[in-house]
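Those protein sequence lines, which keep their order, are chains G and F.
Under the working numbering, think of the first position of the first sequence as 9, with each following residue one higher.
Under the working numbering, think of the first position of the second sequence as 9, with each following residue one higher.
Please note that a few of the clues may not be correct.
Chain copies aren't distinguished; within one or between two, either way the pair holds.
[Claimed, not checked] Calculated pairs, PhoX-like style, for lysine-lysine (alpha carbon to alpha carbon, straight line, at most 20 Å):
hint : residue 1 : residue 2
1    : Lys97     : Lys164
2    : Lys188    : Lys228
3    : Lys164    : Lys10
4    : Lys10     : Lys122
5    : Lys122    : Lys78
6    : Lys11     : Lys122
7    : Lys78     : Lys11
8    : Lys164    : Lys78
9    : Lys218    : Lys97
Note that these hints are calculated values from the structure, not bench results.
2 protein chains.
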Amino acid sequence: MKKAIVLLSGGVDSTTALYLAYAEGFRELHALTFLYGQKHVRELLSARAVARAVGVRAHEIIDLPVGRWKSSSLTDANRSIADGDLQRKTIPATYVPARNAVFLSIAASYADAKEIEDIYIGVSQVDYSGYVDCREEFIRAMEKAINEGTLLGTVKERPVRVHAPFLHLTKADEIRLGVKLGVDYSLTWSCYRGDNLPCGTCDSCLLRAKAFREAGVEDKTRERNAY
Amino acid sequence: MKKAIVLLSGGVDSTTALYLAYAEGFRELHALTFLYGQKHVRELLSARAVARAVGVRAHEIIDLPVGRWKSSSLTDANRSIADGDLQRKTIPATYVPARNAVFLSIAASYADAKEIEDIYIGVSQVDYSGYVDCREEFIRAMEKAINEGTLLGTVKERPVRVHAPFLHLTKADEIRLGVKLGVDYSLTWSCYRGDNLPCGTCDSCLLRAKAFREAGVEDKTRERNAY
Numbered sequence: 009m010k011k012a013i014v015l016l017s018g019g020v021d022s023t024t025a026l027y028l029a030y031a032e033g034f035r036e037l038h039a040l041t042f043l044y045g046q047k048h049v050r051e052l053l054s055a056r057a058v059a060r061a062v063g064v065r066a067h068e069i070i071d072l073p074v075g076r077w078k079s080s081s082l083t084d085a086n087r088s089i090a091d092g093d094l095q096r097k098t099i100p101a102t103y104v105p106a107r108n109a110v111f112l113s114i115a116a117s118y119a120d121a122k123e124i125e126d127i128y129i130g131v132s133q134v135d136y137s138g139y140v141d142c143r144e145e146f147i148r149a150m151e152k153a154i155n156e157g158t159l160l161g162t163v164k165e166r167p168v169r170v171h172a173p174f175l176h177l178t179k180a181d182e183i184r185l186g187v188k189l190g191v192d193y194s195l196t197w198s199c200y201r202g203d204n205l206p207c208g209t210c211d212s213c214l215l216r217a218k219a220f221r222e223a224g225v226e227d228k229t230r231e232r233n234a235y
Numbered sequence: 009m010k011k012a013i014v015l016l017s018g019g020v021d022s023t024t025a026l027y028l029a030y031a032e033g034f035r036e037l038h039a040l041t042f043l044y045g046q047k048h049v050r051e052l053l054s055a056r057a058v059a060r061a062v063g064v065r066a067h068e069i070i071d072l073p074v075g076r077w078k079s080s081s082l083t084d085a086n087r088s089i090a091d092g093d094l095q096r097k098t099i100p101a102t103y104v105p106a107r108n109a110v111f112l113s114i115a116a117s118y119a120d121a122k123e124i125e126d127i128y129i130g131v132s133q134v135d136y137s138g139y140v141d142c143r144e145e146f147i148r149a150m151e152k153a154i155n156e157g158t159l160l161g162t163v164k165e166r167p168v169r170v171h172a173p174f175l176h177l178t179k180a181d182e183i184r185l186g187v188k189l190g191v192d193y194s195l196t197w198s199c200y201r202g203d204n205l206p207c208g209t210c211d212s213c214l215l216r217a218k219a220f221r222e223a224g225v226e227d228k229t230r231e232r233n234a235y
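Construct the complete structure from the given sequences, taking the supplied hints into account.
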């Protein structure tokens, strides 16, 4: 069975990436989910549910200290998450420094240990909220670094591929694709505030709502969580 | 005051790197030490002692799960650390997958959060024990990835520099330099087995003994720890 590692937060992008990896023939899936001090640790429940729905071989929950430097409203208890603004051109306060570099390097360690040559990450530079580590230049540079810094990429001559299939896709197109792949998006979680129900007003809720509207798909996450 | 981050394990290389950063004018030093399941967690005491001797601004002890994949004799309790062999041409069992990629990406996160543009790492590809993530190709690729994946390297246009001053230095030359810089090597720790006293027979002890012999410097670590 072909093996792949998927970075799985439990949101729309990573969930779609997990389903896509399966559709692309990777039947032994290893999901990595990171706890990094994010306020919406609620997304971990979604990651669990999605991993179970797909039937992954392994689901690793990995605790990381990147929230500790206290520079993001997403991880700092003393800062609140601002209401969203999709017209904003500056870097949002929810930016977590070098998060995807850390996530991908941990994935590289797992890949090198388990001899898995394929890593999926659901980033998009179209709707990327100003996060610089969602751009193609970063993904390609990181792939190169991974191959220089692992046995797989060097002495074993089995290069690691970092798949970022949504880099140039809008979130709406991604959702259309996901629906075809059988994704149940009501299982996923996007809201940064991480209360029992999505707030509907943070950046992540706004992006999600816009994408579902554009895709013409109904989002039933609120209904699923209304108990 | 010029600021730098130094990856500090408490061994010979990272200790010399810390002193060199100071000598090169970086007077606000931030040391990062990683716990990754290594058996010689004893080195943490050395990192503390060295950080105190230099007078760092901050010393972060960071817990990472890379030992969890269980593929290194350095982290797996069910495997013993073999006696050393400096003639060995294969990758040693103590290799920890993609360790330096993980360490440097965490350093990048810290750098991006604190706006620190200089990172020191004490790797050498001369005496590198077959660890592929100690080679210049990896360091340069990782530096590129860090600059593509951080605000410092992109929108802030303040590129991060990864200093690896010992890449092409033998450990003996490094020790000669360290002695000039005032390093007290009896504070440092190299032994992989991590008992009260250095074993003297693992790869790391053999490399250390050879380097001190070549440098003509007496190693007093055993005396310091013999209590």
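Hints, verified against the model:
Taking CA atoms no more than 20 Å apart as the test, lysine 97 paired with lysine 164 passes between copies only; the shortest distance there is 14 Å, against 44 Å inside one copy. In this homomeric assembly, lysine 188 and lysine 228 come within 20 Å of each other (Cα to Cα) only inside a single copy, at 17 Å, whereas the closest approach across copies is 67 Å. In this homomeric assembly, lysine 164 and lysine 10 come within 20 Å of each other (Cα to Cα) only inside a single copy, at 18 Å, whereas the closest approach across copies is 41 Å. Taking the closest pair of Cα atoms, lysine 10 and lysine 122 come within 20 Å of each other only inside a single copy of the chain (13 Å); across copies the shortest separation is 41 Å, beyond that limit.
Taking the closest pair of Cα atoms, lysine 122 and lysine 78 come within 20 Å of each other only across two copies (9 Å); inside a single copy the shortest separation is 33 Å, beyond that limit. For the homomeric pair lysine 11 and lysine 122, the shortest alpha-carbon distance inside one copy (10 Å) is at most 20 Å, but the shortest distance between copies (38 Å) is not. Taking the shortest alpha-carbon separations for lysine 78 and lysine 11, only the inter-copy value of 18 Å comes in at or below 20 Å, while the best intra-copy value is 36 Å. Taking the shortest Cα distances, lysine 164 and lysine 78 sit within 20 Å of each other only across copies (19 Å), while inside one copy they are farther apart (39 Å).
Within a single copy, lysine 218 and lysine 97 get their C-alpha atoms as close as 17 Å, which meets the 20 Å cut-off; across copies the closest is 57 Å, which misses it.
Consistency with the previously given hints is maintained throughout, with no hint failing.
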